[in-house]
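Q: Working from the sequences, and respecting the hints, build out all of it.
If you're matching them up, the sequences are chains A and B in order. Residue 271 in my numbering is what sits at position 271 of the first sequence, and the numbering runs on without skipping anything. Residue 350 in my numbering is what sits at position 350 of the second sequence, and the numbering runs on without skipping anything.
I should point out that these hints are in silico values taken from the structure, not numbers from a laboratory. Treat the hints with caution; some may be incorrect.
Selected chain B positions facing chain A (in silico; Cβ < 8 Å) [stated by the list, open to error]:
#1 Asp2
#2 Ala21
#3 Glu279
#4 Leu283
#5 Ala356
Even glycine gets a Cβ: it sits at the ideal position worked out from N, Cα and C.
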Amino acid sequence: MNFGFNDDQLALAATVRDVLRTHCPPGSLRSERRPAWEQLAGLGFFGLLLPEAADGLGLALVDVLPALEETGRACLPGPVVETAVVAPYLLADVPKLASGAVCVGVLPPGQAYAADADLADLLIVVRDGGARVIPRRDVRLAPRRGVDPCRPLFEVTFSRSEPLPVPVGPALARATVATAAQLVGLARELLSVTVGYARVRTQFGAPIGSFQAVKHQLADVAVAVEFAAPLVYRAALTVESDSGDRDASAAKAAAGEVATLAARVALQIHGAIGYTEELDLRFWLARAWSLSAAYGTTAAHRERLRTAITGRRP
Amino acid sequence: MDLDFSPAERAFRLEVRDWLARHRPPPLPSMDTAEGFAAHRAWEAELAAARLSAVSWPEEYGGRGASLIDWLIFEEEYWAAGCPARVTQNGIFLLAPSLMRYGTPEQRERHLPRMAGGDDVWAQAWSEPEAGSDLAALTSRAEPCPGGWRLYGHKTWSSRAAFATHGFGLFRTSGARHKGLTYFMFPMAGVAVRPIAQLDGLPGFAELRFDGVFTPDSMVLGEVGEGWRIAMATTSSERGLTLRSPGRFLATADRLAELARDADPALADRAARCRIEAEAYQLHTFGTARRLMAGEELGPAASMGKIFWSELDLRMHALALDLLGDRAESWVDGFLFSLAGPIYAGTNEIQRNIVAERVLGLPR
Ligand SMILES: Cc1cc2nc3c(=O)[nH]c(=O)nc-3n(C[C@H](O)[C@H](O)[C@H](O)COP(=O)(O)OP(=O)(O)OC[C@H]3O[C@@H](n4cnc5c(N)ncnc54)[C@H](O)[C@@H]3O)c2cc1C
Chain A
1 MNFGFNDDQL
11 ALAATVRDVL
21 RTHCPPGSLR
31 SERRPAWEQL
41 AGLGFFGLLL
51 PEAADGLGLA
61 LVDVLPALEE
71 TGRACLPGPV
81 VETAVVAPYL
91 LADVPKLASG
101 AVCVGVLPPG
111 QAYAADADLA
121 DLLIVVRDGG
131 ARVIPRRDVR
141 LAPRRGVDPC
151 RPLFEVTFSR
161 SEPLPVPVGP
171 ALARATVATA
181 AQLVGLAREL
191 LSVTVGYARV
201 RTQFGAPIGS
211 FQAVKHQLAD
221 VAVAVEFAAP
231 LVYRAALTVE
241 SDSGDRDASA
251 AKAAAGEVAT
261 LAARVALQIH
271 GAIGYTEELD
281 LRFWLARAWS
291 LSAAYGTTAA
301 HRERLRTAIT
311 GRRP
Chain B
1 MDLDFSPAER
11 AFRLEVRDWL
21 ARHRPPPLPS
31 MDTAEGFAAH
41 RAWEAELAAA
51 RLSAVSWPEE
61 YGGRGASLID
71 WLIFEEEYWA
81 AGCPARVTQN
91 GIFLLAPSLM
101 RYGTPEQRER
111 HLPRMAGGDD
121 VWAQAWSEPE
131 AGSDLAALTS
141 RAEPCPGGWR
151 LYGHKTWSSR
161 AAFATHGFGL
171 FRTSGARHKG
181 LTYFMFPMAG
191 VAVRPIAQLD
201 GLPGFAELRF
211 DGVFTPDSMV
221 LGEVGEGWRI
231 AMATTSSERG
241 LTLRSPGRFL
251 ATADRLAELA
261 RDADPALADR
271 AARCRIEAEA
281 YQLHTFGTAR
291 RLMAGEELGP
301 AASMGKIFWS
311 ELDLRMHALA
321 LDLLGDRAES
331 WVDGFLFSLA
341 GPIYAGTNEI
351 QRNIVAERVL
361 GLPR
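A: Shown next as structure tokens:
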């Protein structure tokens with residue numbers, strides 16, 4: 001038993017982090033729809049989970065988990081999880097996935113609207129346990145209002161579609177875990193930005209971070225992040241096993257909760273400046289809210305766990 | 001990264017499970033009564049005879065030289081089997097790590113095997129009436145005399161000291177606030193002990209008065225004036241790990257899940273949340289064990305664990321009471337004890353200060 005990431009896994013995350021720092025700075029969230037995608041594609045990011053036969057690297061979800069955390073930390077726009085994590089399992093036969101030339105959107109079960117569908121070359125719609133795949137030209141999109149300006153929502157109607165012959169459950173479990181990893185990355189960034197602000201903002205002649213009421217809120221976020229992350233790591237390890245769905249739900253519930261806590265505390269400690277459009281913080285707040293509802297809300301995942309633990313055992 | 005136990009680890013788990021199934025005691029009376037204390041000592045002597053009382057200790061002191069992962073496995077099995085809290089815990093989990101690291105070979109040989117065997121039961125004598133959170137403000141003092149030291153002063157809230165055989169604590173050997181403290185061990189004989197009842201009415205605490213109690217030179221741990229450093233080094237590395245193992249919370253979460261089977265969904269949801277958090281603590285602890293085994297120090301990060309497990313424990317026991325109403329008798333003691341978690345081992349307010357200042361780097 002060795003519950004820690006290895007050097008390769010951490011090195012991949014460090015590379016992705018560097019690329020995102022350069023090519024997805026906060027300012028780009030205001031001016032670009034898909035910053036850093038080209039550079040990530042250049043790294044082979046979209047082929048990491050694809051089999052070698054499809055020009056991919058054939059890595060496991062756990063290998064890319066720290067890198068996925070980085071995409072959350074950077075608040076990277078675009079259907080990252082759908083293209084880099086779902087597509088490799090459902091659409092491995094589609095040419096050019098590995099090069100990042102094909103962008104994929106997903107409308108998961110239980111959700112009314114598809115996020116980032118405006119960018120999708122292919123849209124996967126999951127209904128009644130089965131999935132259908134629809135090319136862009138057969139889709140009609142109607143924008144719908146959501147909280148996250150960089151993750152726009154669309155109501156989808158379509159004419160022709162192809163059924164996908166593979167089971168979608170495992171791909172959705174992976175998407176859930178990947179989204180949980182992004183939420184952990186978001187929470188880490190919200191915490192670090194807020195700590196930074198609390199050190200420089202002064203009131204009553206002292207940095208607000210020296211006041212215990214502020215310190216304790218931040219300490220609570222730090223503790224929550226510290227203990228949510230390992231659930232996500234486990235879920236990435238067990239996603240293929242019998243407990244995969246249950247562990248994915250535990251991870252998503254915990255990660256959703258920690259990201260919304262981090263957002264709540266970040267806003268409170270920034271005060272009114274945090275409640276403005278001008279501050280970049282708003283993008284991270286919005287992403288915490290929108291991803292905590294993606295691929296099942298915190299409440300829905302906790303309910304799945306409740307069923308798992310209180311169901312009668314043989 | 002993996003969560004796969006090795007064949008040796010799996011074999012150890014089965015051995016422990018099998019042994020506990022055959023030897024597990026019936027529910028014992030509270031360890032805060034004379035008869036309960038004796039019954040707990042007898043149980044722990046039985047554990048020690050099977051070399052299961054301190055599995056991660058070296059063999060020469062009564063352990064098995066097992067890894068921290070093995071210790072976590074042992075604890076999961078111990079609590080899952082419904083075994084009782086340990087009367088020797090302050091010695092084994094708080095004094096022993098300091099002895100291993102700072103004690104002389106002679107001190108280790110003299111005290112550790114008797115501690116593992118439950119022959120000596122140690123009480124922690126740190127707090128004083130005017131020095132709780134601000135421990136370095138303590139005023140009890142030690143004065144040199146031929147062959148050793150004479151201890152003077154007043155300690156309080158010392159767990160199980162009403163029945164313990166030995167104590168350990170910090171005493172002032174000079175005026176300097178932190179550098180003036182020395183770590184002493186002492187026999188309880190000669191100390192005036194007044195039991196103090198806790199919320200459950202039983203003498204779980206004691207007040208200790210020292211009026212020139214003699215303790216020999218060989219009972220000083222580390223150097224004179226180094227007591228603060230020794231105490232802090234071991235609290236930080238142990239606080240997040242050995243004081244409260246995840247096995248205890250996993251077992252409680254399982255009992256809650258049983259209770260919540262037919263409960264209202266809102267209550268059952270809280271049980272699900274407790275289970276998720278107990279697993280989070282377990283997984284996090286596997287990561288902590290890995291880091292300690294690789295030779296890393298935990299430092300102030302240990303405070304995060306203390307906040308997490310104590311508040312989880314509170315939520316779990318509050319939920320049990322909500323689920324059971326007036327039929328909660330078997331949970332009452334656990335509930336009362338869970339209320340103390342955010343107070344002892346450094347209050348959670350103090351832990352939050354440590355996290356904010358020393359982990360996050362916020363200004364003092
Ligand atoms: C069940 C139990 C077992 C114990 N066992 C032992 C034992 O075996 N040996 C032993 O020596 N002691 C023991 N103690 C005592 C324990 O260590 C102290 O209670 C603890 O250190 C807090 O000190 P205090 O009670 O004096 O509270 P105080 O220090 O007076 O604190 C009172 C309140 O003020 C808050 N506070 C104090 N300072 C600050 C600050 N700087 N910032 C924010 N808030 C602050 C505290 O968090 C707390 O909420 C035990 C306590 C309990 C409850």
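Q: Given B:Ala356 as an interface hint, is the shortest Cβ-Cβ distance to chain A below 8 Å?
A: holds, 3 Å
Q: Does the nearest C-beta of chain A fall within a distance shorter than 8 Å of the C-beta of B:Ala21?
A: violated, 19 Å
Q: Just to be careful: measuring from the Cβ of B:Asp2 to every Cβ in chain A, is the smallest value less than 8 Å?
A: For B:Asp2, the interface hint holds, since the closest Cβ of chain A sits about 6 Å away, which is under 8 Å.
Q: Any CB of chain A closer than 8 Å to the CB of B:Leu283?
A: Holds, about 4 Å.
Q: Holds or violated: B:Glu279 as interface residue toward chain A, Cβ cutoff 8 Å?
A: holds, 6 Å
Checked against the numbered hints above, the structure breaks only hint 2 and satisfies the rest.
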